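Protein chains in written order, with this note's numbering: chain A, 56 to 288; chain B, 56 to 288.
Each hint should be verified, as a subset may be incorrect.
Copies of the same chain are indistinguishable here, so a pair counts whether it falls within one copy or spans any two.
[What the hints assert, rightly or not] Okay, derived cross-link-like pairs now, EDC-like style, lysine to aspartate or glutamate, Cα gap no bigger than 20 Å in a straight line:
#1 K210 - D126
#2 K92 - D126
#3 K193 - D236
#4 K210 - D119
#5 K92 - E239
It should be emphasised that the hints constitute simulated quantities derived from the structure, not laboratory data.
In this text the structure is predicted, and so the values were computed from the model without any measurement.
There are 2 protein chains.
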Amino acid sequence: MDTAYPNPANGEGSATHRVYGRLRQMIVTGDLEPGEKLKIDGLRKRLETGASPIREALSLLTSDHLVERLDQRGFRTAEVSATNFEEILLLRCTLEDLALRESIANATDDWEEAVVLAHHRMQRTAASEPKAFEDMHKAFHMSLLANASYPILLKFCSQLYDLNIRYRYLAGNALNYQRRDVSEEHAGILQAAVARDADLASDRLLNHYKMTGAFLAGLMGNGGLPRGKKASA
Amino acid sequence: MDTAYPNPANGEGSATHRVYGRLRQMIVTGDLEPGEKLKIDGLRKRLETGASPIREALSLLTSDHLVERLDQRGFRTAEVSATNFEEILLLRCTLEDLALRESIANATDDWEEAVVLAHHRMQRTAASEPKAFEDMHKAFHMSLLANASYPILLKFCSQLYDLNIRYRYLAGNALNYQRRDVSEEHAGILQAAVARDADLASDRLLNHYKMTGAFLAGLMGNGGLPRGKKASA
DNA sequence: TGCTGCAGAAAAATCGATTATTCATGGACG
DNA sequence: CGTCCATGAATAATCGATTTTTCTGCAGCA
Numbered sequence: 056m057d058t059a060y061p062n063p064a065n066g067e068g069s070a071t072h073r074v075y076g077r078l079r080q081m082i083v084t085g086d087l088e089p090g091e092k093l094k095i096d097g098l099r100k101r102l103e104t105g106a107s108p109i110r111e112a113l114s115l116l117t118s119d120h121l122v123e124r125l126d127q128r129g130f131r132t133a134e135v136s137a138t139n140f141e142e143i144l145l146l147r148c149t150l151e152d153l154a155l156r157e158s159i160a161n162a163t164d165d166w167e168e169a170v171v172l173a174h175h176r177m178q179r180t181a182a183s184e185p186k187a188f189e190d191m192h193k194a195f196h197m198s199l200l201a202n203a204s205y206p207i208l209l210k211f212c213s214q215l216y217d218l219n220i221r222y223r224y225l226a227g228n229a230l231n232y233q234r235r236d237v238s239e240e241h242a243g244i245l246q247a248a249v250a251r252d253a254d255l256a257s258d259r260l261l262n263h264y265k266m267t268g269a270f271l272a273g274l275m276g277n278g279g280l281p282r283g284k285k286a287s288a
Numbered sequence: 056m057d058t059a060y061p062n063p064a065n066g067e068g069s070a071t072h073r074v075y076g077r078l079r080q081m082i083v084t085g086d087l088e089p090g091e092k093l094k095i096d097g098l099r100k101r102l103e104t105g106a107s108p109i110r111e112a113l114s115l116l117t118s119d120h121l122v123e124r125l126d127q128r129g130f131r132t133a134e135v136s137a138t139n140f141e142e143i144l145l146l147r148c149t150l151e152d153l154a155l156r157e158s159i160a161n162a163t164d165d166w167e168e169a170v171v172l173a174h175h176r177m178q179r180t181a182a183s184e185p186k187a188f189e190d191m192h193k194a195f196h197m198s199l200l201a202n203a204s205y206p207i208l209l210k211f212c213s214q215l216y217d218l219n220i221r222y223r224y225l226a227g228n229a230l231n232y233q234r235r236d237v238s239e240e241h242a243g244i245l246q247a248a249v250a251r252d253a254d255l256a257s258d259r260l261l262n263h264y265k266m267t268g269a270f271l272a273g274l275m276g277n278g279g280l281p282r283g284k285k286a287s288a
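Please model the entire structure based on the sequences and the hints provided.
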């Protein structure tokens with residue numbers, strides 16, 4: 056069932072791909088802090104590669120809104136802010152609603168099975184490896200939308216997912232934010248999707264986002280952004 | 056009133072920026088045909104620069120959905136298709152509706168003046184230079200949305216605008232597709248926006264898109280895509 | 001004291017050459 | 001007769017070095 060494409064995680068594929076994946080991971084998880092200067096030379100050493108793949112990967116990440124390019128002055132990771140988070144939440148709600156409805160409208164048994172499978176894999180992974188869980192979590196959410204034959208829309212959703220999850224990490228991924236709830240929410244979404252009830256599924260999905268969103272927004276509303284922001288003030 | 060930023064069109068800014076702008080222009084206008092192989096070396100000579108800026112620009116264009124990257128096998132311009140066009144149209148309608156309403160909700164006199172100005176400039180340019188007109192046209196449309204404080208959304212809209220206009224060029228920009236109508240539609244949108252009537256403005260804007268969209272879709276529905284597609288069949 | 005401008009250092013951006021990969025061709029083999 | 005593999009050519013990808021540009025700290029000046 057897994058694809059036979061080159062896996063950038065290993066030594067396969069182009070250096071650019073590897074670096075892209077690695078950097079995205081580092082930014083999303085907060086390993087590279089918001090606003091942090093990204094020196095080509097530093098990354099070159101850290102990732103053991105030349106300048107070209109690094110610059111190319113950074114260019115790609117710029118389009119993903121995870122990196123900002125300052126012409127002639129290099130790159131830095133994107134800043135975070137409450138308004139940025141709100142925008143991401145709004146766009147996700149708008150676009151995933153659209154994608155989910157289309158996906159369900161085109162429902163097939165194959166798609167349904169893929170969704171069930173993705174959900175199961177997520178469940179199975181839940182407790183153990185957080186990194187693996189996050190991958191499965193994204194896979195589940197994307198599988199819900201995957202049946203919409205709108206590739207651009209799906210790419211937008213994927214980007215927004217990553218942007219959103221970055222805030223989760225920043226808030227301290229440790230927060231097992233009412234995980235019991237979440238598990239049940241996932242089950243509810245799955246059930247509605249499998250039942251091909253677009254209204255219900257969309258409602259549950261957006262609620263899922265808004266809950267988490269409100270929770271994170273709350274965190275940020277109080278003492279500003281949790282981590283991030285180097286000690287400068 | 057114009058910005059003091061480096062202007063990539065001249066010799067200013069980084070080579071990457073220049074190349075990016077130049078390539079985007081070439082792809083959007085159909086100078087580079089859909090699906091055309093983009094050989095680094097060829098572009099290197101044609102644009103008189105090294106491989107690095109070219110690759111970087113191509114990476115950026117990949118994220119704009121104007122170029123496709125085939126890992127280890129180079130780049131080519133994105134293909135065009137009726138379904139791709141429909142997706143673009145749908146996304147534009149969804150996202151610009153959102154952006155326009157937000158823009159109007161935040162309306163200020165400054166914004167209003169900027170919109171009026173953009174409209175005037177477009178009008179003034181109308182007949183003469185088509186290239187200049189296209190720039191003004193985009194500027195007008197973006198100015199309508201510009202007051203929405205959602206930078207990601209605005210970038211999406213900008214990208215989608217370019218993707219859409221590409222189809223206009225492919226259909227033969229020559230088609231002065233009922234330009235009389237269009238001019239009036241623009242005036243109507245402007246008027247509604249200035250009156251801060253979000254419902255009316257959005258309605259007119261989306262209609263504007265759907266009209267043009269239906270027209271182009273019609274063209275494509277018949278004999279496939281107009282230009283593009285190398286002589287292969 | 002506070003501003004201005006000039007080294008020198010640091011970093012970004014770019015280039016030209018090298019290496020790795022894919023593609024095209026033709027010949028051997030089943 | 002068609003398929004498979006070897007070989008060389010073409011091209012992508014990457015690297016290391018060079019060139020620009022920006023940044024930083026300090027001296028000169030009002």
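Hint-by-hint comparison with the structure:
no.: 1; hint: K210 - D126; in the structure: between (26 Å within a copy, 18 Å between copies)
no.: 2; hint: K92 - D126; in the structure: within (13 Å within a copy, 28 Å between copies)
no.: 3; hint: K193 - D236; in the structure: within (18 Å within a copy, 46 Å between copies)
no.: 4; hint: K210 - D119; in the structure: both (10 Å within a copy, 11 Å between copies)
no.: 5; hint: K92 - E239; in the structure: neither (40 Å within a copy, 49 Å between copies)
Hint violations for this structure: number 5 only, all remaining hints satisfied.
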